[in-house]
Each structure stands twice: as C-alpha cells, then as structure tokens.
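S.K.: One-letter residues, chain by chain:
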Amino acid sequence: MRGDAVGVLVVDDQESFRDAVGAMIGITRGFRLVGAAASGDEALAHVGALDVDLVLVDVNLGEHSGLDLCRVLLAAEHPPAVLLMSAYRREELPADLESIGVPFLAKDQLSPAALAQLWRELGPRERTGRG
Amino acid sequence: MRRSDPVLRAVEFNLVAALASIAFLGGAYALTIRSGWILVLMALIAGVAVTLVGARSHARAGRRSRAIWLTVGANLVAAPVVVAIVPDVLAPLVLVALLQVVLAIDVLSERQFAAAVGAAFVSLLLTAIAGRTQGARSLRNDVSMTIVDVVVVAAVPAVAALVTVLIWQHRRRLADQAAELRRSRSRLATVADRERRRLERDLHDGAQQQLVAAAVQVPTIRALIGMGRAPEADELLDRVEQRLRGAIDDLRRLARGLYPPVLATRGLADALGEVVTTVANPTVVRLGTVPRLPPEVETAIYYCCLEALQNATKHAPASTITVELAGDVTAIRFRVADDGPGFDPTSTADGTGLLNMADRIDAAGGELTVAAWPGAGTVVAGSVPVVGIGAGPRGGDGREELALPSN
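The listed protein sequences derive, respectively, from chains A and B. Per the working numbering, residue 1 is the first one in the first sequence, and the count goes up by one each step. Per the working numbering, residue 1 is the first one in the second sequence, and the count goes up by one each step.
Please keep in mind that the hints were generated in silico from the structure rather than gathered at the bench. Virtual Cβ for every residue (Gly too), placed ideally from N, Cα, C. There may be inaccurate statements among the hints.
[To be verified] Heads up, incomplete: computed chain A residues facing chain B, CB under 8 angstroms, no partners named:
| id | residue |
| --- | --- |
| 1 | Asp19 |
| 2 | Val21 |
| 3 | Gln117 |
| 4 | Leu118 |
Chain A on its own, in the form it takes in the complex (with noise of 0.2 angstroms):
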C-alpha cells in the first residue's frame, strides 16, 4: 500500500514548519513523507535519490529563491508536482509568482484535506506524464 502513496518533499529552511509538515503527511491516507529539506541544494540530492512525487517549496528558502529551484525542478525530464508555499498571503508575493506554472498555497491554509484536493488537481497530470 505504502508505495502507492504520493511521496512528498518537503523544502524549507524554517524547521518548525518541515515538521508540522512531516506529522501532517504521516496521518494523510495517500500520502508518504520521503524526505525534508532546509534548502534548493539538499532538496536537488532528494529529488534525484527518492521517489518524490510532490515538492512544498517555501518561496523565501533562506537567501535563495524558492522560485529558482521551482524552475530546476520543472526542467527535469520527469519533472515531480510543484507547489509553492509561504507565511505571506498571496497577494504579499510577487504578482507573476504563478507565472512558471506552479500553483501557490499558504502555509496557514495547508491541511489533510488541501492537500488531498490538491493532488487531485495536479498530479494525475504529472503521473501519466511520467507513465
């Protein structure tokens, strides 16, 4: 059952937040947690060692970009779901956020059940691209 389950990454530099991920996708039926990282680095060694379905990137990752490891994910061959997430609401980003394709959450609004809609929106098209 458990390798059916989507595999999420969680990127963020605030450790607070990577485990409240973390404990949320542990009791989410669906989903599996494969790994956290604090930065666009160690989160590009993840992507390439795991079987990561689902990326929560913080857009403000520390001194870079969350964006900038949005677009090297989205350039891979089979690339994973994107999502990028922040403490500020939406519209305290910058206007073209969604402008790479990548669709943005708030973190406050994150949840079992945002992210199960999410998935549903996002990744079948992601996974018959990679099948």
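Given the coordinates of chain A, work out where chain B should sit on it, guided by the hints.
M.R.: Quick look at chain B alone, frame taken from chain A:
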C-alpha cells in the same frame, strides 16, 4: 575653538580700526589741527581700544558673547560722543554701530540680542540728536572739514559694504544649516524605513513561522484524536505548545526591542542598567540619577547608548566597557567607552551607524562626539541639554502617563 573664529576676527578688526583712528587723529593734530578736541577724541577712542583688548582676550578664551557685548557696548557709547564733537561723521558711525549689531546676530541668545538692539536704538537716537548740533567750534575750519569729507566719502561705502557682506555670510550659514538639516532628516527617515523592514522580517521569520507551524499541527492532532491515537496527539500538542511559547518569547523580545517598557516606567538609568546586564563583556557602570525627559529625548539617548554598546560588544568583544550616565538641571551627559582595538574614524567605510547616532542626538537638541584611536579604544560621549525641553507640552513633573498593557 576654531582658529578663525569670526568673533575674534571682528574684535581684532575693530581694534585695528580704533588704533588706526588714533594714529590718524594724532597725525592730524601734529600736522595741522591744534584743537584740544582732537585729543579728547583720541582719548575716547583709546578707551574703546582698551575695551577691545579686553574683548579680544575674552574671545580667545571662548567667551564669545562677553567679547561681543564689550565690542558692541564700546561702539555704542563712543558713537554719540564722537558725533557730538564732529556732527558730520554721523553717517559712517551709524553704519559702524549697525555693523556691531549684525556681528552679534550669530553669537548672542535671542534675549541678549533683543537687549543689544534696544541699546543700539538708544545709542543711535542720541547719535542722531548729536548729529544735529554744531559740534566743536575749533574743528569747524576748512582743513578739518576737508579731512572729514574725505573720511565720510571713504567710510560710508566701505562700512556699508562690510555690513552687507556680514549679512550675506549669515545667510550662507543659514542655508548650510538648512541643507544639513534636510540631509539629516532624510537619513533619519531612511533609518526608520530600514528598521521597519527589519522588524517585518523578524516578525515573519520568528513568531509568524512558529504560529503557522502550530496552526498546521491542529488538523493533524484532530485527526489523530479521531483515530484514537491519543499518545501521538499528545506528543504533537507538546510541540504546538513549544511553538506557541516560542512565538510569545519572540514577540516579547521584539516588543522590547521596539521600546523597552522599563524606559517608560523607570527612566534612562534603569533601562540602561537592564541592557548592560545582557552584555557579555566586563562592564563598569556608573548610572547616576537623572531627571525624566520627554520620551523622544530619552529614546534618543537610550538607542544611542544601545548602539554604542552593541558596537563595542561586536568590535571589541574582549574589552571592558564603561557606561556612564549623569545629569543635573542643565544637561544629561552619557558616555560609552571601551578599551578595545578602536578604529581609525577617518577610514571607516560604513559610518552609517555612527551618523545615525549623531543624527538622533542632534534631533534631540544635543551633541555627540565619537573618539577612537587604532589600538586605544573607542569613546562615544554626548550630552543633551535639559533647559528648554523640560518646558515642553508634558508639563507637570515631566512624566508621561504610561500606556502599558495591564497584562
């Protein structure tokens, strides 16, 4: 004291003019005009010269207003007497009296200047009346009148030009001051903006992230309870509590950084005393009792000392830091000194912190000096006058009603 102090220059200029007049009169007496009135004039101007010598020593010792008073006074006393003897020199002497008053503009306080203007009015009234008299009969001969004509024709435009130049210099000084004021105001605004940006980032990276993490845990905990996994829910609740307490600490720390409550409730000495306890360096603390000041003045001194302390801990971590605060009814003085590596103030690339400190103290009406020598430590010292700021809108005992939250 600057080497070319305008007051000293003015006094010396007056002195040279007085001595030249005595020499001129002496020559006139010796060569042609054998009038006793010439000797009276010489004695009078000699009295002025002696007064000016006194004024010069006051000016050299930095007692500028006393030097100006003596100079103005000597001229204002001499003018009506000279004109009573030689009525035709009325015009140049009026201009000379005016010249002295213009000199006093930058030096005397407003009240003293008003007194000087009053004295000048009385003196010039007497001078004008003296100008309508016949003057000394023995000086009303052709030779004397010719000499006076030459003096008047030469002196009127010359002294008028001097008065004009002085007023123009005054105008230029005011323009320089206004420009510096605009610059310092703009710097203060820039610093305020930067502070707000930093505050936003601290709030975002600190308390807000902790609260977001706590909020995201809540649905997870609810789900765990629904599944009957109470021990796991309990463990997560521990972590939520930890996040909430972290957020509370963050907010308290930030709020204290914005404005330390102890500064409002107990004043500068206690606020600085509290800050010093957080410093890792060995410290020598001498915090005297100082009167309460308007909040913007206390805040300026507090943040100036805080910045100096932070600079010392950052750049001179092994040094002993001395923090002093003292004050009386006239001024509050503060000093933060370390015996660390110091720096070369002429080669500091990033002096914005120091400039900001100076601007804040300047805005509070005070003065700040930063002295540093490579290898011999740094001293930040300043003072803010109490006079004039205590009579502000606060009134009463100078204490503002505190608006601290009740819990």
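S.K.: Taking the hints in turn, state whether each one holds.
M.R.: Quick rundown of the hints versus the structure:
1. Interface hint at A/Asp19: satisfied, since its Cβ lies 7 angstroms from the closest Cβ of chain B, which is below the 8 angstroms cut-off.
2. Among the interface hints, the one on A/Val21 holds; its C-beta lies about 7 angstroms from the nearest C-beta in chain B, closer than the 8 angstroms criterion.
3. With 8 angstroms as the threshold, the beta carbon of A/Gln117 stays out of range of chain B, its nearest partner Cβ sitting at about 13 angstroms, so the hint is violated.
4. Residue-level restraint check for A/Leu118 is violated (minimum Cβ-Cβ distance to chain B is 14 angstroms; threshold 8 angstroms).
Hint compliance for this structure: hints 3, 4 are broken, all remaining hints hold.
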